[in-house]
Every structure is written in C-alpha cells, then in structure tokens.
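Could you put the whole structure together from the sequences, leaning on the hints where they help?
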Amino acid sequence: MNRYFVSSYQKVGTFRVVDGEKTGGNVASYFCLPDGSVLHVVAGPADAATLLREARWVVDTRKLAMTESKGNYARYKAFFRKAHAERLRKEHNLDLDTQRMKDTFSLASFSNQAIDRRGQRRQLGTQGQVHWLLASDPLVKIEEVYSTVFEKILGEKVSTLPVLEK
Amino acid sequence: MPPVTRRAHAAHSRCPQQLPIKHCGDIYIVSHLLPSFSIGRLAPAYYEYGAKPASMYPTPGPRIYWRTVAVVGASAWLLVAAVVGACVLRQRSAEEPRASLKVLPEQVLASPSAIVEQSSPPKQEAPKPPVTPAAPPEAPHAAMLAKNSPPVPPPALFREDRLASAPLLPVSEQPLPQETMDFERCGTQVDFASNPSEAARLALKERKLLLVLHLSGEFEDSKFT
Chain S
1 MNRYFVSSYQ
11 KVGTFRVVDG
21 EKTGGNVASY
31 FCLPDGSVLH
41 VVAGPADAAT
51 LLREARWVVD
61 TRKLAMTESK
71 GNYARYKAFF
81 RKAHAERLRK
91 EHNLDLDTQR
101 MKDTFSLASF
111 SNQAIDRRGQ
121 RRQLGTQGQV
131 HWLLASDPLV
141 KIEEVYSTVF
151 EKILGEKVST
161 LPVLEK
Chain Z
1 MPPVTRRAHA
11 AHSRCPQQLP
21 IKHCGDIYIV
31 SHLLPSFSIG
41 RLAPAYYEYG
51 AKPASMYPTP
61 GPRIYWRTVA
71 VVGASAWLLV
81 AAVVGACVLR
91 QRSAEEPRAS
101 LKVLPEQVLA
111 SPSAIVEQSS
121 PPKQEAPKPP
131 VTPAAPPEAP
141 HAAMLAKNSP
151 PVPPPALFRE
161 DRLASAPLLP
171 VSEQPLPQET
181 MDFERCGTQV
191 DFASNPSEAA
201 RLALKERKLL
211 LVLHLSGEFE
221 DSKFT
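If you read the protein sequences in the order shown, they are chains S and Z. The numbering of the first sequence is my numbering, which starts it at 1 and goes up by one. The numbering of the second sequence is my numbering, which starts it at 1 and goes up by one.
Honestly, I wouldn't trust all of these hints.
Every beta carbon over 12 Å from chain Z, so not counted as near; a handful from chain S, in silico [what the hints assert, rightly or not]:
1. 78
2. 98
3. 104
4. 110
To give an idea of the chain S side of the interface with chain Z (calculated C-beta under 8 Å), a few residues [stated by the list, open to error]:
5. 1
6. 7
7. 13
These aren't lab readings, by the way, just hints derived from the structure by calculation. Predicted model only: the values in this text are computed from it and were never measured. Every residue, glycine too, gets a C-beta built ideally from N, C-alpha and C.
So, in structure tokens, the structure goes:
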C-alpha cells in the first residue's frame, strides 16, 4: 500500500458509546488521484485482503487507463466508467446503459435502485451502489461525493458532533 | 562695438587719454571673458598703459590661469569619479541577493538540507591537509550550476501580486513542510498522514495515488474503529 498510495484518514461522522460499546459508525475508503478525483471506493468495513485486492485493481486499472488514454482526460474518464460498469456486470449482474447514465445522472438523485439496460430497476448492495455511482459519474471529486457515499450508501449521517457516551 | 563694451568704456572715463574705442573695446572684451576677480587687476594695468602707444601694450591674447584651471579640473574629475564609484557599488549590492536567489531553487531541488547546512554555522572539523589553492571552493559549485541548469523561470513563489491579493489562511491552517509531516500506523502496516491535504500534496509530489479513509469512529482507538 505504501508503495502506490499516500494514505490519510478523516473523521466525517460520529457514533455513540453505549455501556462502553460502540454503536453506529462506519468507514469508506476512497482511492483517489492526488487532485481528489475518485477512482474507486470501498464502502463499509473491509478486511485487509479485500482492501488490498481493491487497491491492486485500482493500480492496475489506472495503469491501463493511462496507456489507453494517452493523456486525454475524456478517454481516461471513459475508461474508468467502462471499468466500473464491467465490474457491475460481472459481480452484481447488472448491465448498465452507460451512455444513458452519463446523460441523466446527478448525485442529488442518486438512490440504491439502479436501472439496467432494459429499463428494469434493481436493488443493489453497498459495493454494487459504489460501482453504479462511479460508472455514472467517474472521477467525481471526493468533496462532492463523500456525503452521498456516507449518507445514501452507508446510511450514516455526516456530522461534526463529538462522540456521545451513555 | 557691442553695447556692453561701450558702457564699460564709459564707466571708466577716467582714462587719461581717449584711446581708440576699438582698442579699449578689445581690452574690455578680454577682461569680460576672464574671471571677475581679474578685472580689477587688468583695468589699472590698462590705464597705466593707456598713454603709451598701442604697440607697447601687452598682447591681448588669451590669458590662462593654470592654477584655476587645475583646481576646477581636479574637482570635476573627483566629482565624476565619486559618481561612477557610487554607481558601481550600487549595482554590486543589487546583484548579490539576486545571485543567491538564483541558487536557492536548485539547492532546494537537490537537497533541502543544503539550505540548513548553508545557514547553520560551520561545524568544527578535524584539521585537513593543506589543499592547493587552485580555485576558491565556491567556484566549481557555481560553475557546475551555471553549466547544468538551464535558465530557471521565476517560481510561483515570487508572484507577489497574486499572493498579496489572495487572503491567506492563518499559519496554523497552512500546509506543513514535508520535513515536519509525521505519519502514524495506527496498528496497521500502512503509513497514515495526519492530514488529507498533506497526503494529497505528497501524493502529487511522489506521483502516487491517494487513499483517504472517511470514518465515523476513533481511528486511534481500535475499540471504536
């Protein structure tokens, strides 16, 4: 991880401590370009092997995107759109119409129900929603998307409140 | 005869003999050109000679007071030398800081510690064997810089007009220099920078990607992570 990434963390929500036990709280791991463009997100707690596997996918996909795009931003973005759509199809069995998503998608209207190529609504799991989000809006900035991920996908509330103990 | 000369002749009408105006005029024109203190000396001499035939007068050719010329000339040269000297000193003092600024970005790129070493007082070292005084120690370094480095455009640091117009954050909120950035592992194998913006800056510099964990927990306390 240290070879390919510079890591950091940030507290965006709070939780409660009830009788010494943590209640609530969640985590989202963002793989970004240095300017904050999100390449991938792992939503929710993940073990080390899962996080490492996703990190490898990001590194490899990025290398391929750089090769394919030849410095062209639109091609680079399209490559990541295609990569997320492909994972959505393979791992979550949802065939997205990426062209239609590109035209109609907005972060404000994001919900956990995706619409496939045939127009049918599909309920997606946490990681499926991440791929759907990033296939619809690849390279979105982290400051624009983090509240959507945290509140709509993970069901947490973005908060600056301190930890509440009971 | 010019009116000035005629008036001057009339003022000195004590002249014992009316000399031909032309002659008197010539004498006065000469005296007019000379420094003022010489008129007093010249005029009596003229009237003394006034009664004598014109052929016995001292020739009215130009008189040069060499002492005056020497004093005036010397003071003029001194003034010129002083002005030139002041200009040279001013130019040198303006070039010295510029030269140090030219070297600074190179040193920063090469090794940030070079500045610290340069600014810190020289440490006492063991006496070295005498070195042949072929060239001063700065000369090869400066020559190498001049040879290896193409002309560097002024860095953004010196765009003072933009810096002045943009409102600055307090010092506590500005990014720390990389040397003081600290990492923590928080019980993992991953080095975590304490601040995402610092991590982004470092990632850009090292051409790495950025991993940011957003969490609602106490990352430092594994019980609440």
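Hints versus structure:
1. Its beta-carbon lying about 19 Å from the closest one in chain Z, residue 78(S) satisfies the requirement of being farther than 12 Å from that chain.
2. Every CB of chain Z is more than 12 Å from the CB of residue 98(S) (nearest about 24 Å), matching its label as outside the interface.
3. Every Cβ of chain Z is farther than 12 Å from the Cβ of residue 104(S); the closest lies at roughly 27 Å, confirming the non-interface assignment.
4. At roughly 17 Å from the closest C-beta of chain Z, the C-beta of residue 110(S) stays outside 12 Å, upholding its exclusion from the interface.
5. A distance limit of 8 Å between C-beta atoms decides the matter here; for residue 1(S) the minimum to chain Z is near 5 Å, and the interface restraint holds.
6. Against a cut-off of 8 Å between C-beta atoms, the interface hint on residue 7(S) holds, since the closest Cβ of chain Z lies about 4 Å away.
7. Of the supplied interface hints, the one on residue 13(S) holds, with its beta-carbon coming within about 3 Å of a beta-carbon of chain Z, less than 8 Å.
No hint from the list above goes unmet by this structure.
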